[in-house]
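Peer 1: Here's the letter readout for the chains.
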Amino acid sequence: MSILCEIVTQERLVYSEQVDMVVVDGVDGRMGILPNHSPLLTTINVSEMRVVAGELEETFAVGGGILEVRPDRITVLADAVEHADEVDVARAEAARERAISFLESGGPSEEVTPEIRHDISLALERANVRLRVGSRRHNKPSVPGLEDVG
Amino acid sequence: MANAREMRLRIRSVGNIAQVTRALEAVSASKVRKAQSSVEASRDYARRVANVLGRISTYSQGSVHPLLVPRDKVENIAILLISSDRGLAGPYNMNVTRAALEFAQEKNKPARWVTLGQKGRDLAYVRGANIVGDFSSFKSSPSFSDVTPIARFLIDDYLDSVVDEVYVAYTDYVNTIRQDTRVVRIMPMITGNPKDDENAQASTDNESDVGYTYEPEPEELLEAILPRFTQMQVYQSVLESLASEHSARMVAMRNATDNANELSAALRLAYNKARQLSITSDLLDIAGGAEALQQAG
Chain A
1 MSILCEIVTQ
11 ERLVYSEQVD
21 MVVVDGVDGR
31 MGILPNHSPL
41 LTTINVSEMR
51 VVAGELEETF
61 AVGGGILEVR
71 PDRITVLADA
81 VEHADEVDVA
91 RAEAARERAI
101 SFLESGGPSE
111 EVTPEIRHDI
121 SLALERANVR
131 LRVGSRRHNK
141 PSVPGLEDVG
Chain B
1001 MANAREMRLR
1011 IRSVGNIAQV
1021 TRALEAVSAS
1031 KVRKAQSSVE
1041 ASRDYARRVA
1051 NVLGRISTYS
1061 QGSVHPLLVP
1071 RDKVENIAIL
1081 LISSDRGLAG
1091 PYNMNVTRAA
1101 LEFAQEKNKP
1111 ARWVTLGQKG
1121 RDLAYVRGAN
1131 IVGDFSSFKS
1141 SPSFSDVTPI
1151 ARFLIDDYLD
1161 SVVDEVYVAY
1171 TDYVNTIRQD
1181 TRVVRIMPMI
1191 TGNPKDDENA
1201 QASTDNESDV
1211 GYTYEPEPEE
1221 LLEAILPRFT
1231 QMQVYQSVLE
1241 SLASEHSARM
1251 VAMRNATDNA
1261 NELSAALRLA
1271 YNKARQLSIT
1281 SDLLDIAGGA
1291 EALQQAG
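Read top to bottom, the protein sequences are chains A and B. Those letters in the first sequence? Residues 1 to 150, per the working numbering, in order. Those letters in the second sequence? Residues 1001 to 1297, per the working numbering, in order.
Keep in mind the hints are simulated off the structure, nothing from the lab. Bear in mind that the values here come from a model prediction, so they are computed numbers and not experimental data. Ideal placement from N, C-alpha and C gives every residue a C-beta, glycine not left out. Please note that the accuracy of each hint is not assured.
Using C-beta positions, here's what the derived DEER-type ranges look like [stated by the list, open to error]:
#  : chain 1 : residue 1 : chain 2 : residue 2 : range
1  : A       : Glu104    : B       : Val1074   : 40 to 48 Å
2  : B       : Ile1017   : A       : Asp72     : 53 to 61 Å
3  : B       : Val1184   : A       : Val52     : 41 to 49 Å
4  : B       : Ser1145   : A       : Ser105    : 21 to 29 Å
5  : A       : Arg12     : B       : Lys1273   : 55 to 63 Å
6  : A       : Pro35     : B       : Val1074   : 44 to 52 Å
7  : B       : Asn1255   : A       : Val23     : 53 to 61 Å
8  : B       : Pro1091   : A       : Glu57     : 49 to 57 Å
9  : B       : Glu1223   : A       : Val23     : 24 to 32 Å
10 : A       : Val27     : B       : Asp1146   : 25 to 33 Å
11 : A       : Val23     : B       : Lys1034   : 34 to 42 Å
12 : A       : Val52     : B       : Gln1019   : 54 to 62 Å
13 : B       : Pro1216   : A       : Glu57     : 25 to 33 Å
Throw the hints in and build the complete structure from the sequences for me.
Peer 2: This is the structure we're talking about:
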């Protein structure tokens, strides 16, 4: 028993395989979706997404989006997706540092509105997720300081 | 023949032009392919988001999201004009700009222009368009996140009621020789996009809709999906325009190459005739000289 899982971004179809389970963070918390799930439409958060197919497990960093579940198909309309192997750990680390320093010092522009603060927090969240996902890859690069993340 | 040298130079320079235009044609040809494939790739998402949108909007009939509901009184409009930064693309820039200007004139409402592409901006500006935003010097192969600021700018203006309708003027890529300029309303949204035949399929799918769970409520989901849909429309218009631009340039360059080759052939013929003529007259001179010497001797 398997279910078709498709991950699409605005730019391309990222992933399309028969899978056994998908785990992702919805607005109301983390959920695991198995074949024959009842139809569902929801938004998803910036989060880590795991796709299990038999023995294989793939991990993606998802930058928010929309999730649609039908009995035979799971569709993820993602705003941004990176497979664990694609994550540029050094860049994510830099983005994280930048976001943290902006949150502390007040950002690159003079006035920090709540929206900007929110955007920066989101960016921080994204960087954190990417780092966590990046550390999941099989051939882990030896980046010092990565172990204590996530 | 005093200008034999000049003619030789001219032949050479025409030959050089042909070489350059041929190279530009080849470059554009490969860019068309690239742009075309990114249009194709982005259709997956566009189709699915339209599907989801169709499903929700049938569910939340009662809700009135500002992006969906036409306003009673339209006072101002916004036009996003998508052209290119560079010329040498035949009538590409002129066509889309003219279509947009004519459209604005027809509407006869104060229009706020947002331009993407220097050529269109300059053309529209000299014709008195009120340009409020310019996103020129765009990347040659933009990603979705490059386009979001433009869409955001337009959505904000619309939601703040600065404008009551938003249109995008772009060039639809049909095939290499045919590109259609289009002016399309993106806000308020035209529901049930007739261009997308997948939509017909989507509505038949709706039968299996019973028992859908929505998290959060359909209205909130709509809130999340609509801006994405609009951004997608802008992104696709940009990609279509890019494919059209490169293909227009390719055709223009091919014509230029053909013309240069024709000119080069004509010049060569004239040059050879002139050369032959001068040889003949030289020979006549020599023969005449020899004759004169013989007679004298």
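Peer 1: A separate judgement is required for each hint: does it hold in the structure or not?
Peer 2: Structure-based check of each hint:
A hinted range of 40 to 48 Å holds for the C-beta pair Glu104(A) and Val1074(B), which are about 46 Å apart. Here the CB-CB span from Ile1017(B) to Asp72(A) is close to 59 Å, well matched to the stated 53 to 61 Å. Separation of Val1184(B) from Val52(A) is about 42 Å and conforms to the stated range, judged on CB atoms against 41 to 49 Å. Under the hint 21 to 29 Å, the C-beta atoms of Ser1145(B) and Ser105(A), about 25 Å apart, fit the expected range.
The supplied range of 55 to 63 Å is met by Arg12(A) and Lys1273(B), whose beta-carbon atoms lie about 59 Å from each other. Our hint of 44 to 52 Å for Pro35(A) and Val1074(B) holds, since their Cβ atoms are close to 49 Å apart. About 57 Å separates the C-beta atoms of Asn1255(B) and Val23(A), a value consistent with the hinted range of 53 to 61 Å. Checked against the hint of 49 to 57 Å, the C-beta distance between Pro1091(B) and Glu57(A) comes to roughly 54 Å, which is consistent with it.
For the pair Glu1223(B) and Val23(A), the supplied restraint of 24 to 32 Å holds, since their beta-carbon distance comes to about 26 Å. In this structure the supplied range 25 to 33 Å holds for Val27(A) paired with Asp1146(B), their Cβ-Cβ distance being about 28 Å. At about 36 Å, the beta-carbon gap between Val23(A) and Lys1034(B) stays in the expected band of 34 to 42 Å. The hinted range of 54 to 62 Å is satisfied by Val52(A) and Gln1019(B), whose Cβ atoms lie roughly 57 Å apart.
Remark: the range hint 25 to 33 Å for Pro1216(B) to Glu57(A) is upheld by a beta-carbon distance near 29 Å.
Comparing the model with each earlier hint shows no violations; every hint is respected.
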